[in-house]
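Undergrad: In the order they appear, the protein sequences are chains Z and P.
In this text, residue positions in the first sequence follow our numbering: the first is 1, and each later residue adds one.
In this text, residue positions in the second sequence follow our numbering: the first is 1, and each later residue adds one.
Simulated from the structure, these hints should not be mistaken for laboratory data.
Treat the hints with care, since some could be wrong.
[To be verified] Listed below are several chain Z residues computed to face chain P (Cβ distance under 8 Å; list not exhaustive):
id, residue
1, PHE87
2, ASN89
3, PHE98
4, GLN102
5, LEU184
6, GLY185
7, PRO317
Please read all numbers here as calculations on a predicted model, not as lab measurements.
Where is the CB? At the ideal position from N, CA and C, for every residue including glycine.
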Amino acid sequence: MSFLKVENITKKFGNQFALNNVNVEVEKGEMVCILGPSGCGKTTLLRIIAGLETSDSGKIVIDGRDSTYFPAAKRNFGIVFQSYALFPNMTVIGNILFGMKQKSKASKEDLEIRALEVLRMVDLFEHRNKYPRQLSGGQQQRTALARAIAISPSFLLLDEPLSALDAKVRNKLRSEIRSIQKELGITTIMVTHDQEEALTMADRAIVMNNSVVEQSGSPRDIYNNPSTPFVAGFIGSMNFIKITKGEQAIRPEKICLVRHSEQHDYTALIRAIEFKGALTRINGLMRDKSEVYIDLSSQEFDSMNLREGATMFLRLPEKCLTSYSDSLIIEEPV
Amino acid sequence: MIERMKQWISRINIGQLIVLCFMLAMMVMIMVLPLFSLFARAFQSNAEEFVGLENYQAYFRTPALFRSIWNTIDISLVTAFFSTVFGFLYAYALTRTRIRFKTFFRYVALIPIFIPTVVHALGLIYLFGRQGVITRMGFEIELYGRIGLILSQVIYTFPQAFLMFFVTLEYADGRLYEAVEAMGVKPLTRFIKITLPEVKFTLINVIFVCFTLAFTDFGAPMVIGGSFNVLATDLHTQIAGLFNFSMGAVIGTLLLTPAIMAFIVNRITNVANMGAMSAKSTKLIIKKSRGRDVFFFILCSVIAFCFFALIGALALGAFTTLYPFNMTLTLDNFRFNPAQGGIGSFFNSITMSLITAAVGTVFVFAYSYMMEKTNGLTALTKIGKLFSILPMALPGMVIGISFILFFNTPTNPLNFLFGTIGILVMANVLSFFSVPFLTATGALKKLDKEFESVSDSMSIPRWKLFYRVSVPLSFPAILEIFMYYFVSSMVTISALVFLYNPTFRVASISIAHMQAAGDIAQAAAMSLLILVVNVAVRLLYELAMIFIKYKTKRRES
Ligand SMILES: Nc1ncnc2c1ncn2[C@@H]1O[C@H](COP(=O)(O)OP(=O)(O)OP(=O)(O)O)[C@@H](O)[C@H]1O
Ligand SMILES: [Mg+2]
Numbered sequence: 001m002s003f004l005k006v007e008n009i010t011k012k013f014g015n016q017f018a019l020n021n022v023n024v025e026v027e028k029g030e031m032v033c034i035l036g037p038s039g040c041g042k043t044t045l046l047r048i049i050a051g052l053e054t055s056d057s058g059k060i061v062i063d064g065r066d067s068t069y070f071p072a073a074k075r076n077f078g079i080v081f082q083s084y085a086l087f088p089n090m091t092v093i094g095n096i097l098f099g100m101k102q103k104s105k106a107s108k109e110d111l112e113i114r115a116l117e118v119l120r121m122v123d124l125f126e127h128r129n130k131y132p133r134q135l136s137g138g139q140q141q142r143t144a145l146a147r148a149i150a151i152s153p154s155f156l157l158l159d160e161p162l163s164a165l166d167a168k169v170r171n172k173l174r175s176e177i178r179s180i181q182k183e184l185g186i187t188t189i190m191v192t193h194d195q196e197e198a199l200t201m202a203d204r205a206i207v208m209n210n211s212v213v214e215q216s217g218s219p220r221d222i223y224n225n226p227s228t229p230f231v232a233g234f235i236g237s238m239n240f241i242k243i244t245k246g247e248q249a250i251r252p253e254k255i256c257l258v259r260h261s262e263q264h265d266y267t268a269l270i271r272a273i274e275f276k277g278a279l280t281r282i283n284g285l286m287r288d289k290s291e292v293y294i295d296l297s298s299q300e301f302d303s304m305n306l307r308e309g310a311t312m313f314l315r316l317p318e319k320c321l322t323s324y325s326d327s328l329i330i331e332e333p334v
Numbered sequence: 001m002i003e004r005m006k007q008w009i010s011r012i013n014i015g016q017l018i019v020l021c022f023m024l025a026m027m028v029m030i031m032v033l034p035l036f037s038l039f040a041r042a043f044q045s046n047a048e049e050f051v052g053l054e055n056y057q058a059y060f061r062t063p064a065l066f067r068s069i070w071n072t073i074d075i076s077l078v079t080a081f082f083s084t085v086f087g088f089l090y091a092y093a094l095t096r097t098r099i100r101f102k103t104f105f106r107y108v109a110l111i112p113i114f115i116p117t118v119v120h121a122l123g124l125i126y127l128f129g130r131q132g133v134i135t136r137m138g139f140e141i142e143l144y145g146r147i148g149l150i151l152s153q154v155i156y157t158f159p160q161a162f163l164m165f166f167v168t169l170e171y172a173d174g175r176l177y178e179a180v181e182a183m184g185v186k187p188l189t190r191f192i193k194i195t196l197p198e199v200k201f202t203l204i205n206v207i208f209v210c211f212t213l214a215f216t217d218f219g220a221p222m223v224i225g226g227s228f229n230v231l232a233t234d235l236h237t238q239i240a241g242l243f244n245f246s247m248g249a250v251i252g253t254l255l256l257t258p259a260i261m262a263f264i265v266n267r268i269t270n271v272a273n274m275g276a277m278s279a280k281s282t283k284l285i286i287k288k289s290r291g292r293d294v295f296f297f298i299l300c301s302v303i304a305f306c307f308f309a310l311i312g313a314l315a316l317g318a319f320t321t322l323y324p325f326n327m328t329l330t331l332d333n334f335r336f337n338p339a340q341g342g343i344g345s346f347f348n349s350i351t352m353s354l355i356t357a358a359v360g361t362v363f364v365f366a367y368s369y370m371m372e373k374t375n376g377l378t379a380l381t382k383i384g385k386l387f388s389i390l391p392m393a394l395p396g397m398v399i400g401i402s403f404i405l406f407f408n409t410p411t412n413p414l415n416f417l418f419g420t421i422g423i424l425v426m427a428n429v430l431s432f433f434s435v436p437f438l439t440a441t442g443a444l445k446k447l448d449k450e451f452e453s454v455s456d457s458m459s460i461p462r463w464k465l466f467y468r469v470s471v472p473l474s475f476p477a478i479l480e481i482f483m484y485y486f487v488s489s490m491v492t493i494s495a496l497v498f499l500y501n502p503t504f505r506v507a508s509i510s511i512a513h514m515q516a517a518g519d520i521a522q523a524a525a526m527s528l529l530i531l532v533v534n535v536a537v538r539l540l541y542e543l544a545m546i547f548i549k550y551k552t553k554r555r556e557s
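Please model the entire structure based on the sequences and the hints provided.
TA: Rendered as structure tokens:
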């Protein structure tokens, strides 16, 4: 049985839906990322799970108990916000002990030992006596994380914990958070609007859009079999190409470039070539004036002698094509 | 339906509910019920029978009373005009010109705030009275009555006008201004097209505020009103002299009228003003202009000189044996005559102001915390927010008479409070509630919204978060509130004049009594004591702020 169950949760602000009949299940020890564009209801969902916000209808089951009406204090979770919400008048260790003292009856010494242990885990031991404003963004983030896990919560909620950091620090912290999560085996729900973050960190991703869950599954599964055009466009890039049998979707890296045209191949004009390190992305214009993106390894690109303005031949492997014929939403590939 | 109920109940934090209800109950007790008593009484005879509009008919049929309305409107209009003009020019000088000694001028403009309005009047007596410094130079005016009142009220309302304009001019968006300046528009056009629209809401507000302050003040008319009756003096006569509470209630409701109008205008213009103030306004770069700076420097110097002259005249009276006949220096005037309250009244003032500041600060801060950070219970917090801004519209005299009518009835279980320091403190806490409330709310809004969420997740009770995090982080605001309450209580008179017990007189009232008894030099001496204490408190506050800034800086580097 799953550890956390969100059943048919609906939430309106005024007459606008923030969540519309949302169902989510999280297994024990799992890391789940909730992913979606801004305003789709991610934070609202997280706050309802935390008990910081009420739902209009639906049920929250935590560890087999109906917790829909439990106040936050009774749900035993740790939370990290985008702003970190560290108490600026307390040192790093003060921040951590503040919650621990409330939650645990253990002696002061024991608590301090535990706090220092957590600080070592997030690599903040030397900084324990500093005030939040004396820390870098990444250190503040880790303090917030340490504060959340120090109370030994039964699950962890992270609301865009990395979005205030620059790319380099973010990458480093991704793997740190993930390894701490695995080490503790703590059930974690993380909200993000960064697809790369979700794909690299999550056991399972839940893609939301317009206050509904569009798809949930392992990152690999979602990437390979996006169930809606929105998901297809939001996770990775996707080409939507009109061919004889109607509109078909295909990932840029699945398109093959061939030197010589055969009967089923398509031609496109090369508009731009974008070097991205290991990959090279080619932006082309099809006969019907629709755009197409192709990713190929830079090594392969170099062997092909392609130039802007030239014509290229595309082969679309049958098994890589997906059709969303009954869907209406078509997203531009990013 | 049951689902919703269950959810609603489950969300309520009982502690939060109790505290919130307690705060609202306090507001009902010190504001709503007394005001209700006032309005009820306006429609009742002195035997407390309902008489409809009879009291009002009686009022308007009595020319002696009726005249006071015109008198009051007259001086209030003239006061509002002069204060607005001078307040604007002074604020303009300090924000939009390159004159020197701006900080000095800014503090000087605040001098009248530190002394009771009776003292403004007293200072004028020393300058323009029969033996006044200026009178003896051969320049005579008809001080007692209309002119004296206007002068006194301009002194009283000038700092308010100045401060409001100052804030607007300091923070209004300067970029537009610069752009226009760069286009080479003539100064006058620039003033009409840019500066005036910039301050238009503030301007309306200032006019109303000054008008209302002058309309409702009691201190100055008490001392130099002479036979020029205004509503405030009428009210006092009806209550303290004739015990005609019904007529008093009628006048109380009349006093309330412009205050309520000012309040409504303030609400409207505040909303409209939001857009004009952008947090990211760039600092205005002021062009050099010799002519302009000379003009404004002279203007500021003259105004500053007037304030110093006022204080100087008081000092002259306080430190000489018998001005102007015996000019030997002496400290005898500081041996106060016990018949008018003596030195005791000074200490009473300090005691009352300290208690008011302590009680008021705790109450206001906790109150705005509840308004800002309560989750759910929106119906209650909405009422609470409404309560919080209403005191702005309540003149001290109206609070005073409402308190008499409500608390001083044998059937009221709180009757025992009457005549104690407790009721003075309550009147003051209510009188000066709105400004501290805004200060506290502003400070609390700056704190991370998620502190409450985080502490809930860690099962930390709200009260603990409150005193471990919210209070320490808002300490500058708390100090400011404390200082504001203290200084305001030291100088207030209007509510207290109905509520004080002859055995517990406060300094502002003593000054009026000394003056009436002819001990004018002692009155001046007492005024100086109040001024010194208030300035000292202000200095302490400034020092504390420097210290706090220094400490937080250390925490940040
Ligand atoms: N307290 C509130 N009052 C009114 N509307 C709200 C409130 N909180 C959220 N909303 C609305 O609900 C919708 C979902 O908001 P939510 O904060 O859950 O989005 P999000 O997915 O977290 O977005 P982001 O990525 O920008 O954080 C938005 O349209 C938002 O405007
Ligand atoms: Mg969000």
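Undergrad: Given PHE87 (chain Z) as an interface hint, is its Cβ closer than 8 Å to any Cβ of chain P?
TA: holds (5 Å)
Undergrad: Verify the interface restraint on ASN89 (chain Z): the C-beta must sit less than 8 Å from at least one C-beta of chain P.
TA: With Cβ-Cβ at 5 Å, under 8 Å, it holds.
Undergrad: Take the shortest C-beta to C-beta distance between PHE98 (chain Z) and chain P; is it under 8 Å?
TA: holds (7 Å)
Undergrad: LEU184 (chain Z) was flagged as interface toward chain P. Is the shortest Cβ-Cβ separation under 8 Å?
TA: This hint is violated: LEU184 (chain Z) lies away from chain P, its Cβ roughly 17 Å from the closest one there, beyond 8 Å.
Undergrad: Given GLN102 (chain Z) as an interface hint, is its Cβ closer than 8 Å to any Cβ of chain P?
TA: holds (5 Å)
Undergrad: At a threshold of 8 Å, is the proposed contact between GLY185 (chain Z) and chain P supported by beta-carbon distances?
TA: Where the cut-off is 8 Å and the nearest Cβ of chain P is about 20 Å from GLY185 (chain Z), the hint is violated.
Undergrad: Does the nearest C-beta of chain P fall within a distance shorter than 8 Å of the C-beta of PRO317 (chain Z)?
TA: Status violated, d = 49 Å.
Of the numbered hints listed earlier, those contradicted by the structure are 5, 6 and 7.
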